[in-house]
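Number of protein chains: 2
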Amino acid sequence: MSNNNQVVLKHYVTGFPKESDLFLKTATVELKIPHGCNGAVLVKNMYLSCDPYLINHMKKVEGNYADSFTPGSVSFFPLKLQPIVGYGVSRVVDSSNPNFKKGDLIWGITSWEEYTFIKFPGTFCKIQDTEVPLSYYTGILGMPGMTAYAGFYEVCSPRKGETVFISAASGAIGQLVGQFAKLMGCYVVGSAGSKDKVDLLKNKLGFDNAFNYKEEQDLNAALKRYFPDGIDIYFENVGGKMLDAVLLNMRLHGRIAMCGMISQSNLDQPEGVHNLFYLITKRIRMEGFVVNDYYHHYPKFLDIVLPLIKEGKITYIEDIAESLESAPGALIGLFSGRNVGKQVVAVARE
Amino acid sequence: MSNNNQVVLKHYVTGFPKESDLFLKTATVELKIPHGCNGAVLVKNMYLSCDPYLINHMKKVEGNYADSFTPGSVSFFPLKLQPIVGYGVSRVVDSSNPNFKKGDLIWGITSWEEYTFIKFPGTFCKIQDTEVPLSYYTGILGMPGMTAYAGFYEVCSPRKGETVFISAASGAIGQLVGQFAKLMGCYVVGSAGSKDKVDLLKNKLGFDNAFNYKEEQDLNAALKRYFPDGIDIYFENVGGKMLDAVLLNMRLHGRIAMCGMISQSNLDQPEGVHNLFYLITKRIRMEGFVVNDYYHHYPKFLDIVLPLIKEGKITYIEDIAESLESAPGALIGLFSGRNVGKQVVAVARE
Numbered sequence: 001m002s003n004n005n006q007v008v009l010k011h012y013v014t015g016f017p018k019e020s021d022l023f024l025k026t027a028t029v030e031l032k033i034p035h036g037c038n039g040a041v042l043v044k045n046m047y048l049s050c051d052p053y054l055i056n057h058m059k060k061v062e063g064n065y066a067d068s069f070t071p072g073s074v075s076f077f078p079l080k081l082q083p084i085v086g087y088g089v090s091r092v093v094d095s096s097n098p099n100f101k102k103g104d105l106i107w108g109i110t111s112w113e114e115y116t117f118i119k120f121p122g123t124f125c126k127i128q129d130t131e132v133p134l135s136y137y138t139g140i141l142g143m144p145g146m147t148a149y150a151g152f153y154e155v156c157s158p159r160k161g162e163t164v165f166i167s168a169a170s171g172a173i174g175q176l177v178g179q180f181a182k183l184m185g186c187y188v189v190g191s192a193g194s195k196d197k198v199d200l201l202k203n204k205l206g207f208d209n210a211f212n213y214k215e216e217q218d219l220n221a222a223l224k225r226y227f228p229d230g231i232d233i234y235f236e237n238v239g240g241k242m243l244d245a246v247l248l249n250m251r252l253h254g255r256i257a258m259c260g261m262i263s264q265s266n267l268d269q270p271e272g273v274h275n276l277f278y279l280i281t282k283r284i285r286m287e288g289f290v291v292n293d294y295y296h297h298y299p300k301f302l303d304i305v306l307p308l309i310k311e312g313k314i315t316y317i318e319d320i321a322e323s324l325e326s327a328p329g330a331l332i333g334l335f336s337g338r339n340v341g342k343q344v345v346a347v348a349r350e
Numbered sequence: 001m002s003n004n005n006q007v008v009l010k011h012y013v014t015g016f017p018k019e020s021d022l023f024l025k026t027a028t029v030e031l032k033i034p035h036g037c038n039g040a041v042l043v044k045n046m047y048l049s050c051d052p053y054l055i056n057h058m059k060k061v062e063g064n065y066a067d068s069f070t071p072g073s074v075s076f077f078p079l080k081l082q083p084i085v086g087y088g089v090s091r092v093v094d095s096s097n098p099n100f101k102k103g104d105l106i107w108g109i110t111s112w113e114e115y116t117f118i119k120f121p122g123t124f125c126k127i128q129d130t131e132v133p134l135s136y137y138t139g140i141l142g143m144p145g146m147t148a149y150a151g152f153y154e155v156c157s158p159r160k161g162e163t164v165f166i167s168a169a170s171g172a173i174g175q176l177v178g179q180f181a182k183l184m185g186c187y188v189v190g191s192a193g194s195k196d197k198v199d200l201l202k203n204k205l206g207f208d209n210a211f212n213y214k215e216e217q218d219l220n221a222a223l224k225r226y227f228p229d230g231i232d233i234y235f236e237n238v239g240g241k242m243l244d245a246v247l248l249n250m251r252l253h254g255r256i257a258m259c260g261m262i263s264q265s266n267l268d269q270p271e272g273v274h275n276l277f278y279l280i281t282k283r284i285r286m287e288g289f290v291v292n293d294y295y296h297h298y299p300k301f302l303d304i305v306l307p308l309i310k311e312g313k314i315t316y317i318e319d320i321a322e323s324l325e326s327a328p329g330a331l332i333g334l335f336s337g338r339n340v341g342k343q344v345v346a347v348a349r350e
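First to last, the protein sequences are chains A and B.
Sequence positions in the first sequence follow UniProt numbering and run 1 to 350.
Sequence positions in the second sequence follow UniProt numbering and run 1 to 350.
None of these hints come from the bench; they were simulated from the model.
If you're wondering where the values come from, they're calculated on a predicted model, not measured in any experiment.
Mixed in with the good hints, there may be bad ones.
Note: identical chains are not told apart, hence a pair may lie in one copy or across any two.
[Claimed, not checked] Once the Cα atoms are required to be at most 25 angstroms apart in a straight line, the calculated DSS-like pairs of lysine-lysine come out as:
hint: 1; residue 1: Lys-195; residue 2: Lys-224
hint: 2; residue 1: Lys-126; residue 2: Lys-310
hint: 3; residue 1: Lys-59; residue 2: Lys-224
hint: 4; residue 1: Lys-224; residue 2: Lys-60
hint: 5; residue 1: Lys-282; residue 2: Lys-241
hint: 6; residue 1: Lys-160; residue 2: Lys-282
The task is simple: from the sequences and hints, build the whole structure.
See below:
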């Protein structure tokens with residue numbers, strides 16, 4: 001038996017999420033799969049991925065990607081409370097599944113706790129290449145990487161020489177989309193929410209230009225400055241006012257890949273978008289996508305991206321919070337843009 | 001020389017368009033092409049097409065399909081004022097162009113007047129088949145027909161058995177989209193703004209169902225009633241609140257063809273659309289289109305649609321206003337939904 005610290009949702013979130021919407025509790029766990037329980041694995045979680053989509057599971061709303069988390073309230077102790085779940089990198093410590101053996105490194109959807117018993121580990125990916133940082137499998141080599149890849153190559157239909165705008169451009173997904181676009185020979189500009197992030201985009205991630213949206217009184221004017229001839233491709237991570245300004249600046253036959261709308265996470269009622277008529281006059285395709293529809297491309301994706309990382313042709317910036325105790329703050333920090341680069345929680349380093 | 005009555009824009013329109021934003025004036029015209037002016041035609045206009053897009057040319061805004069009309073003000077008489085322009089069916093009365101001869105019937109972009117001198121008639125289509133009503137070339141066999149065809153078959157990517165919702169469904173375009181969708185084996189529901197229109201949709205145009213949006217307190221509830229399992233395809237003609245309600249009811253991988261937003265024509269600032277996040281969670285493609293990009297399909301379109309009309313497999317409802325004097329009222333009536341079916345102005349019947 002071992003102690004097992006967990007991160008639990010206190011209650012469904014409305015409005016802006018707060019660190020106090022989550023709490024830590026200590027459960028216990030037997031570090032062995034129960035007798036007769038075939039096909040399962042018990043894993044030690046090493047890195048947890050802080051992703052904007054998790055906010056959707058913290059709310060009780062229709063039309064989510066998946067079910068809401070099960071909230072617990074401190075007053076209901078000692079009822080059995082479930083920790084929240086999300087992507088992570090884990091090591092198998094016990095297995096009754098022929099596809100996974102003790103010591104294997106895997107990534108997939110685990111729980112925010114030290115050890116997780118996974119009854120059906122079928123959707124986990126076994127990590128084969130460990131010459132890159134393990135935490136990369138929560139980011140560039142995991143869900144965000146596949147999201148950038150699918151969103152850019154499959155949804156945006158990019159062509160060499162096109163102009164590409166990316167919002168939340170230094171985040172887990174944006175920084176990769178920008179680098180993919182540069183590799184394809186596009187002109188790439190990103191927006192982000194601090195001087196540090198803008199500097200990273202321009203000086204470390206190879207963007208042609210970048211701006212701090214918080215310092216722009218008029219987003220339309222800012223976009224006109226960086227895209228005097230308009231935007232062919234917009235990779236949408238923020239929604240709201242930025243989307244409205246982008247619609248004014250799209251070129252004919254432009255494409256908008258709808259990946260996320262983090263600016264709307266803190267609102268009970270999302271902002272209205274007013275400029276949709278330009279979809280018609282400019283013949284714009286605006287398409288939402290979810291990475292789950294594209295995981296069949298994952299082996300091809302690894303074949304392309306692993307060499308790019310090793311040859312230094314792609315850079316990836318992470319913001320790693322140490323220990324499970326820092327997890328609630330790290331997750332909530334996403335929604336105020338506190339993180340610089342992909343936000344990860346290191347639960348255990350080996 | 002002949003008198004030539006014309007419809008002229010008085011001033012740029014803001015807010016809801018009024019009949020008094022247009023006025024009639026009488027010019028004169030020589031019924032002969034001037035000597036030395038090669039390649040031109042002089043036409044007698046027979047039918048003019050009242051289309052919602054014309055409102056965009058009556059406003060002075062960025063991002064229009066084309067240039068705004070030239071407005072004139074009564075006080076500027078006798079400066080040369082241009083009539084407004086739009087689709088029409090005309091007869092050639094004189095020609096210095098080898099492709100058109102006196103007596104030919106043509107359709108294309110003409111002016112709102114009795115006779116029009118067309119310097120470059122290259123984009124006009126010659127009407128070959130006159131077994132159908134000539135006015136059809138402003139509607140089912142003209143721009144609205146091609147719009148319905150391109151929007152449904154090319155943009156919506158329809159499949160047999162899918163559920164299709166059409167707003168402004170009894171209009172020039174909507175009534176055809178619904179019939180195309182029925183011919184393909186889809187379940188089709190339309191919305192319209194009066195009991196008469198709803199009856200037409202259900203009893204004459206073969207829709208599976210229809211409702212009067214003005215009688216629905218809750219558009220979301222109305223859509224849930226007609227689409228308990230959701231909407232695969234939405235053919236968007238109205239925008240605003242209807243689009244927001246539709247987004248709540250779309251199915252996974254749904255498609256929205258953005259054809260028009262007539263509900264927004266009367267607003268200085270378009271309404272905000274709040275539910276765009278569902279584009280992501282439901283992986284919806286929302287695509288604007290303009291018929292001009294599809295006219296290369298016109299010969300194929302005629303081969304398909306002319307037989308369907310003659311065999312009675314497609315019906316087309318027109319609302320014909322007699323004489324040019326009724327033209328301002330007919331055009332403005334579009335924006336309050338006064339017309340039942342395709343609104344046409346008969347300038348001259350032969």
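Q: Tell me, in ascending order, the numbers of any earlier hints that this structure violates.
A: none
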